[in-house]
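Protein chains: 2
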Amino acid sequence: MDINECRSKIDELDVLLVNLLNERTRTVQEIGRLKRDTRMPVYEPEREKLVLENVSRANQGPLPDAELRYLYGHIIAVMRNVQKNLNPAFQPITDSSGLAVELKE
Amino acid sequence: MDINECRSKIDELDVLLVNLLNERTRTVQEIGRLKRDTRMPVYEPEREKLVLENVSRANQGPLPDAELRYLYGHIIAVMRNVQKNLNPAFQPITDSSGLAVELKE
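Chains as they are written, first to last, in my numbering: chain R, 1 to 105; chain C, 1 to 105.
Possibly wrong hints are sitting among the right ones.
[What the hints assert, rightly or not] Covered, in the sense of this in silico footprint (three residues per stretch, anywhere, with C-beta under 8 Å from a C-beta of chain R), are these stretches of chain C:
#1 1–12
#2 17–26
#3 48–57
#4 60–66
#5 77–83
Keep in mind the hints are simulated off the structure, nothing from the lab.
Heads up, the beta-carbon is just placed ideally off N, CA and C, and yes, glycines get one too.
Using the sequences and the hints given, assemble the complete structure.
Structure follows, in structure tokens:
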């Protein structure tokens, strides 16, 4: 491939990436609604740890694991905001383990 | 879907995302080799602008455009490092428009 062919390929891959990120966002919104209805906290550090383990396990390179985890740290942060924005008025107070310890509305 | 089904779906989407990110990395490495061989600069702000325009155009939501561009800013930065790491000894000096103005080795 020459450089223009490589760039066309990247543009096509990016469209697929955008679609997957949106599919992920829709699923995260669904979880957000379930959490809201059952008063579960948005921030769940144990689940976020499992997400990182899953992507590291799936990673066959050449993207280095550290770079993948760096990117996923940002993806997780964005998705957490998506959940919070579903209902900004409702934010359970959580303890250091992320468990809801008191509810306010 | 209940919350566990949603999480299984996210785990599956993440495996697809990791594979696409690696396919993108491979293509970026190919570009990096072409740039190295033709002494083109790694940093090309005009191309990075086009990448952001492409993903914004492809975005049908629900991920907000600002969040998508935020994530892509990090993806682009990681990919730029991937190119630089192909040959750390060779870094063309670029002017403010990203054009190589002097070569050092």
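Looking back at the hints listed earlier, which ones does the structure fail to meet? none
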